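Visitor: Which chain is which? The protein sequence lines are Z and F, in order. Under the working numbering, the first residue of the first sequence is numbered 1, with each subsequent residue one higher. Under the working numbering, the first residue of the second sequence is numbered 1001, with each subsequent residue one higher.
The hints are simulated quantities; they were obtained by calculation from the structure and are not laboratory data. Warning: the hint list may mix true and false statements.
Said to hold, decoys possible - In silico lysine-lysine, BS3-like type, Cα no more than 25 Å apart, as pairs:
1) 1041/F / 42/Z
2) 56/Z / 104/Z
3) 1041/F / 104/Z
4) 1022/F / 1041/F
5) 1040/F / 99/Z
6) 1022/F / 2/Z
7) 99/Z / 42/Z
8) 2/Z / 99/Z
9) 1018/F / 1036/F
10) 1019/F / 104/Z
11) 104/Z / 2/Z
12) 1040/F / 2/Z
13) 67/Z / 2/Z
14) 1018/F / 67/Z
15) 2/Z / 1019/F
16) 42/Z / 1022/F
17) 1018/F / 2/Z
18) 1018/F / 104/Z
19) 1022/F / 99/Z
20) 42/Z / 1036/F
21) 42/Z / 67/Z
22) 104/Z / 67/Z
23) 1019/F / 1036/F
24) 56/Z / 67/Z
25) 1041/F / 2/Z
26) 1018/F / 99/Z
27) 104/Z / 42/Z
28) 56/Z / 99/Z
29) 1022/F / 1036/F
Nothing here was measured: the structure is a model prediction, and the numbers come from that model.
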Amino acid sequence: QKEVEQNSGPLSVPEGAIASLNCTYSDRGSQSFFWYRQYSGKSPELIMFIYSNGDKEDGRFTAQLNKASQYVSLLIRDSQPSDSATYLCAVLDRGSNYKLTFGKGTLLTVNP
Amino acid sequence: ETGVTQTPRHLVMGMTNKKSLKCEQHLGHNAMYWYKQSAKKPLELMFVYSLEERVENNSVPSRFSPECPNSSHLFLHLHTLQPEDSALYLCASSPRGSITSGRDTQYFGPGTRLTVL
């Protein structure tokens, strides 16, 4: 059974701080990893995609992947109250082009 | 409304009712998906259609029946549901039936909040 684990939170950070969201996955053969943001009462939207070990930066967001440790993280620099949402980690199933296994998500609250 | 639309947004039904959820995408995509999001549980893939052909049925009970008449429309027919089927049902689409590249991302609709009494 493939599993994707995230701390449910809530993770609370002050405005302007760095928020660090973590995710571990069970299938060592997984190759592609996604971070989605879901505001309360809204649908998920993709914010980061990573498949190579190391860091990938996009604006205030940095995704970090360590396949040896089966660990993927999302850093949000200069956190804003508008970043308050649930962040979902998703892993593309090995051998599939479209099947994602999601974590339960981490609720992030950025306090003004 | 552009992108991916879903109707109805809210639905309350009894266990003996038959209802359908509708999804429409205005993005010219070739693949469509049904997901279930229950409280305290991960988002769960139910069905995938690529070019109107079902390519995934993720062990979903037969009381859920999908239909994809064309690449822009997707339905989920519901009958004799159970209270534990109460959840947010999300439709998504992607340009192709492959999301191995971040460019081929899935776009989600707003969801239908289903309550089964």
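Visitor: Can the restraint linking residue 67/Z and residue 2/Z be considered satisfied, given a maximum Cα separation of 25 Å?
Guide: holds, 15 Å
Visitor: Holds or violated: are the alpha carbons of residue 42/Z and residue 1022/F at most 25 Å from each other?
Guide: holds, 17 Å
Visitor: Mind checking the alpha carbons of residue 1018/F and residue 1036/F for me, to see if they're no more than 25 Å apart?
Guide: holds, 18 Å
Visitor: Take the C-alpha atoms of residue 104/Z and residue 42/Z, compute the straight-line distance between them, and say whether it is at most 25 Å.
Guide: This hinted pair holds, its Cα atoms lying about 15 Å apart.
Visitor: Given the hint that residue 56/Z pairs with residue 104/Z, test it: the Cα-Cα distance must not exceed 25 Å.
Guide: OK: residue 56/Z and residue 104/Z at ~23 Å, within 25 Å.
Visitor: Does residue 2/Z lie within 25 Å of residue 1022/F when you go C-alpha to C-alpha?
Guide: With Cα atoms ~30 Å apart, residue 1022/F and residue 2/Z exceed 25 Å; violated.
Visitor: Taking 25 Å as the top limit, are the C-alpha atoms of residue 1040/F and residue 2/Z close enough?
Guide: Holds, at roughly 18 Å.
Visitor: Check the hint pairing residue 1018/F with residue 2/Z against an upper bound of 25 Å on the C-alpha distance.
Guide: Roughly 33 Å separates the two Cα atoms, so the pair is violated.
Visitor: So if I understand the rule, the pair passes when the alpha-carbon distance is 25 Å or less; does residue 1018/F with residue 104/Z pass?
Guide: violated, 30 Å
Visitor: Hinted pair, alpha-carbon criterion (25 Å max): residue 1041/F, residue 2/Z. Please report holds or violated.
Guide: holds, 14 Å
Visitor: Need the status of pair residue 1041/F, residue 104/Z: alpha-carbon distance at most 25 Å?
Guide: holds, 6 Å
Visitor: Between residue 2/Z and residue 99/Z, is the straight-line Cα distance small enough, at 25 Å or below?
Guide: holds, 12 Å
The structure is inconsistent with the numbered hints 6, 10, 14, 15, 17, 18, 21, 26, although it conforms to all the rest.
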